[in-house]
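K.L.:
Work the whole structure out from these sequences, hints included.
Protein chains in written order, with the working numbering: chain D, 237 to 468; chain Y, 4 to 83.
There may be inaccurate statements among the hints.
[Unchecked claim] Pairs of lysine to any residue, SDA-like flavour, derived with a Cα cap of 20 Å:
1) K7(Y) with G290(D)
2) K43(Y) with D291(D)
3) K13(Y) with A342(D)
4) K43(Y) with L344(D)
5) K13(Y) with G290(D)
6) K22(Y) with E445(D)
7) K13(Y) with D388(D)
8) K13(Y) with N341(D)
9) K43(Y) with I347(D)
10) K22(Y) with A342(D)
11) K345(D) with V39(Y)
12) K43(Y) with A342(D)
13) K345(D) with Q41(Y)
14) K22(Y) with G332(D)
15) K43(Y) with N341(D)
16) K13(Y) with L344(D)
17) K43(Y) with Y292(D)
18) K22(Y) with I347(D)
19) K13(Y) with G332(D)
20) K345(D) with K7(Y)
21) K7(Y) with Y292(D)
22) K43(Y) with H379(D)
23) K13(Y) with E80(Y)
24) K13(Y) with L293(D)
25) K345(D) with G25(Y)
26) K22(Y) with N341(D)
27) K238(D) with E272(D)
28) K13(Y) with G418(D)
29) K13(Y) with T389(D)
30) K345(D) with A23(Y)
Since the hints were made in silico from the structure, they are not lab data.
This one's a predicted model, so the numbers in the text were calculated from it and none came from an experiment.
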Amino acid sequence: MKSAVIVFPGSNRERDMVMALRAAFGVAPLEVWHTETDLPDTDLIVIPGGFSYGDYLRAGCMAAHSPVIGAVRDAAKRGVAVMGVCNGFQVLCEMGLLPGALMRNAGLKFICKDVHLCVENADSLFLGGYQAGDVMRVPVAHHDGNYFADADTLDRREGDGLVAVRYSDAAGNVTEAANPNGSQRNIAGIYNAARNVLGMMPHPEDAIEDLIGGTGGKALFDGVAAALAGAA
Amino acid sequence: MKAKIHVTLKPGVLDPQGKAVGHALQALGFGGLGEVRQGKYIEIDFAGSDAGAAKSQVDAMCRQLLANTVIENYEIEIEA
Chain D
237 MKSAVIVFPG
247 SNRERDMVMA
257 LRAAFGVAPL
267 EVWHTETDLP
277 DTDLIVIPGG
287 FSYGDYLRAG
297 CMAAHSPVIG
307 AVRDAAKRGV
317 AVMGVCNGFQ
327 VLCEMGLLPG
337 ALMRNAGLKF
347 ICKDVHLCVE
357 NADSLFLGGY
367 QAGDVMRVPV
377 AHHDGNYFAD
387 ADTLDRREGD
397 GLVAVRYSDA
407 AGNVTEAANP
417 NGSQRNIAGI
427 YNAARNVLGM
437 MPHPEDAIED
447 LIGGTGGKAL
457 FDGVAAALAG
467 AA
Chain Y
4 MKAKIHVTLK
14 PGVLDPQGKA
24 VGHALQALGF
34 GGLGEVRQGK
44 YIEIDFAGSD
54 AGAAKSQVDA
64 MCRQLLANTV
74 IENYEIEIEA
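P.N.:
This is the structure in structure tokens:
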């Protein structure tokens, strides 16, 4: 099982992602610098968190136009699994692989805390380790996580089952109080139409060890490993 | 030639930064304020003198990079 983590100047969660992937896959992912224009054959490409290019112009905007992105886009079109976490979600939206945009948090503050996510649609190779309605506890760490898309786009996403996870309380209730950043309809993560691309603001890779805050995100990586092993 | 570009949030898109600026202005005693919206201003210098060509080039720049048309509008002014 081969995976790759794309690294930009300003990425800062790539090592956490490498650890999580190594733990689940039994083999470390390839780290690919943003200046590469080719990607080796991989089963999974991950765009990690951080502040690529210093968030210049808009979060994720510069990275979405960097040399490596053409190869990422081609792989996504071929059906290769692509996951973007935090800044990676912002990059996927700026690339146009996912609809919508991540705006400044409604409260204007950088938010770093654990949140609960209610799994809305587990029917993908990313969330096979969960079932719809499951609640996972994972951290968020972002300043621009306020998901926005127009009402028509949101209605279509929901109708097509393309909302992956929403911010909820510990019991899985999707409430305004559980929405940390003002995201439309509490959306924390979405799929593309083929569900081979997932973008999410929270960090499952930072919730894989009981020693450091819990294992709420571990089933995501174990689920991806199982799904890819099954597909191979 | 110089292109002057204003990038602003679309009407209806919540602008929490503009709101915070508005509150701060009110706290300073400025009254009679309506909504405050915050945007970006970008200047690009151009060689040549074909304003029409420059404008269509800047329009493409805005669509591809300078603005995110999901949430932002842009206005272009070309100065000779």
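K.L.:
Taking each numbered hint in turn, which are not upheld by the structure, reported in ascending numerical order?
P.N.:
Hints 1, 5, 6, 9, 14, 20 are the ones this structure does not satisfy, whereas the remaining hints hold.
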